[in-house]
Amino acid sequence: EADIYQTPRYLVIGTGKKITLECSQTMGHDKMYWYQQDPGMELHLIHYSYGVNSTEKGDLSSESTVSRIRTEHFPLTLESARPSHTSQYLCASSEWGQPDTQYFGPGTRLTVL
Amino acid sequence: KNQVEQSPQSLIILEGKNCTLQCNYTVSPFSNLRWYKQDTGRGPVSLTIMTFSENTKSNGRYTATLDADTKQSSLHITASQLSDSASYICVVSGLDNAGNMLTFGGGTRLMVKP
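The listed protein sequences derive, respectively, from chains A and B.
My numbering puts the first residue of the first sequence at -16, with every later residue one more than the last.
My numbering puts the first residue of the second sequence at 84, with every later residue one more than the last.
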């Protein structure tokens, strides 16, 4: 079982609030990813990182931002949440040399009222 | 444009029955194809991975096949159990300038009823 954690698991907040979704992994993986998934829909890559101080935007444009100050930690921040941000956010990680073997966290289900 | 299409979108079967899920892709160049199982409210978990040269791979009651010529894959579930109820996602890996690119299918939602 993969050692990748996300908190909170569920979050309900009001419009305009600043939120940070946490993601941590204890596998020493260099590469980390954030995906957005609406109910019953496919996953879309919104951010990824190759290692410390590396952040890249994914295929789906997102108003969120990420940071990678430590290898094990890849938080995602929304400065001002809106109802359109309501979705499930999944974090994943992988090793160099095995880019396709992504291990996923349990996800954070975000609801913005 | 790289695409992964899965069918059916949803499926209901009785416990103990077999079923087959389909995945067609247009990802190029192709690296490998993976099937994930995603329980409701959870992250996806890898079931199988197949490279270009592999035609079939099994993981317990799950058997995946790959036809790289027709760009089709299937996931066969034998003697289904209630715990098989989940979404099954086909993910095809290609190569981009960064070294890898994943294209996700929309998934098949399987419900196994007693």
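Fair warning: there could be bad hints in the mix.
Among the chain A residues that face chain B by a calculated CB cut under 7 Å, a handful are [unchecked claim]:
| hint | residue |
| --- | --- |
| 1 | 34 |
| 2 | 61 |
| 3 | 62 |
| 4 | 73 |
| 5 | 87 |
| 6 | 88 |
| 7 | 89 |
In the DSS-like style, the derived pairs of lysine-lysine whose C-alpha atoms are separated by at most 30 Å in a straight line are [what the hints assert, rightly or not]:
| hint | chain 1 | residue 1 | chain 2 | residue 2 |
| --- | --- | --- | --- | --- |
| 8 | A | 40 | B | 84 |
| 9 | B | 84 | B | 140 |
| 10 | A | 40 | B | 100 |
| 11 | A | 0 | A | 40 |
| 12 | B | 154 | B | 100 |
Just the calculated beta-carbon pair ranges, DEER-fashion [what the hints assert, rightly or not]:
| hint | chain 1 | residue 1 | chain 2 | residue 2 | range |
| --- | --- | --- | --- | --- | --- |
| 13 | B | 90 | A | -7 | 47 to 55 Å |
| 14 | A | 11 | B | 134 | 34 to 42 Å |
| 15 | B | 165 | A | 42 | 28 to 36 Å |
| 16 | B | 162 | A | 43 | 17 to 25 Å |
| 17 | A | 33 | B | 90 | 20 to 28 Å |
| 18 | B | 162 | A | 46 | 39 to 47 Å |
| 19 | B | 109 | A | 23 | 28 to 36 Å |
| 20 | B | 143 | A | -12 | 38 to 46 Å |
| 21 | A | 13 | B | 94 | 19 to 27 Å |
| 22 | A | 0 | B | 153 | 22 to 30 Å |
Honestly, the hints are just simulated from the structure, not real lab data.
All of these numbers come straight from a predicted model, not from anything done at the bench.
Positions of the beta carbon are idealized from the N, C-alpha and C atoms, including for glycine.
Consistency of the hints with the structure:
{"no.": "1", "hint": "34", "in the structure": "violated, 13 Å"}
{"no.": "2", "hint": "61", "in the structure": "violated, 20 Å"}
{"no.": "3", "hint": "62", "in the structure": "violated, 25 Å"}
{"no.": "4", "hint": "73", "in the structure": "holds, 5 Å"}
{"no.": "5", "hint": "87", "in the structure": "holds, 3 Å"}
{"no.": "6", "hint": "88", "in the structure": "holds, 5 Å"}
{"no.": "7", "hint": "89", "in the structure": "holds, 5 Å"}
{"no.": "8", "hint": "A:40 to B:84", "in the structure": "holds, 19 Å"}
{"no.": "9", "hint": "B:84 to B:140", "in the structure": "holds, 28 Å"}
{"no.": "10", "hint": "A:40 to B:100", "in the structure": "violated, 43 Å"}
{"no.": "11", "hint": "A:0 to A:40", "in the structure": "holds, 23 Å"}
{"no.": "12", "hint": "B:154 to B:100", "in the structure": "holds, 27 Å"}
{"no.": "13", "hint": "B:90 to A:-7: 47 to 55 Å", "in the structure": "violated, 31 Å"}
{"no.": "14", "hint": "A:11 to B:134: 34 to 42 Å", "in the structure": "violated, 25 Å"}
{"no.": "15", "hint": "B:165 to A:42: 28 to 36 Å", "in the structure": "holds, 35 Å"}
{"no.": "16", "hint": "B:162 to A:43: 17 to 25 Å", "in the structure": "violated, 38 Å"}
{"no.": "17", "hint": "A:33 to B:90: 20 to 28 Å", "in the structure": "violated, 35 Å"}
{"no.": "18", "hint": "B:162 to A:46: 39 to 47 Å", "in the structure": "holds, 46 Å"}
{"no.": "19", "hint": "B:109 to A:23: 28 to 36 Å", "in the structure": "violated, 22 Å"}
{"no.": "20", "hint": "B:143 to A:-12: 38 to 46 Å", "in the structure": "violated, 26 Å"}
{"no.": "21", "hint": "A:13 to B:94: 19 to 27 Å", "in the structure": "violated, 38 Å"}
{"no.": "22", "hint": "A:0 to B:153: 22 to 30 Å", "in the structure": "violated, 49 Å"}
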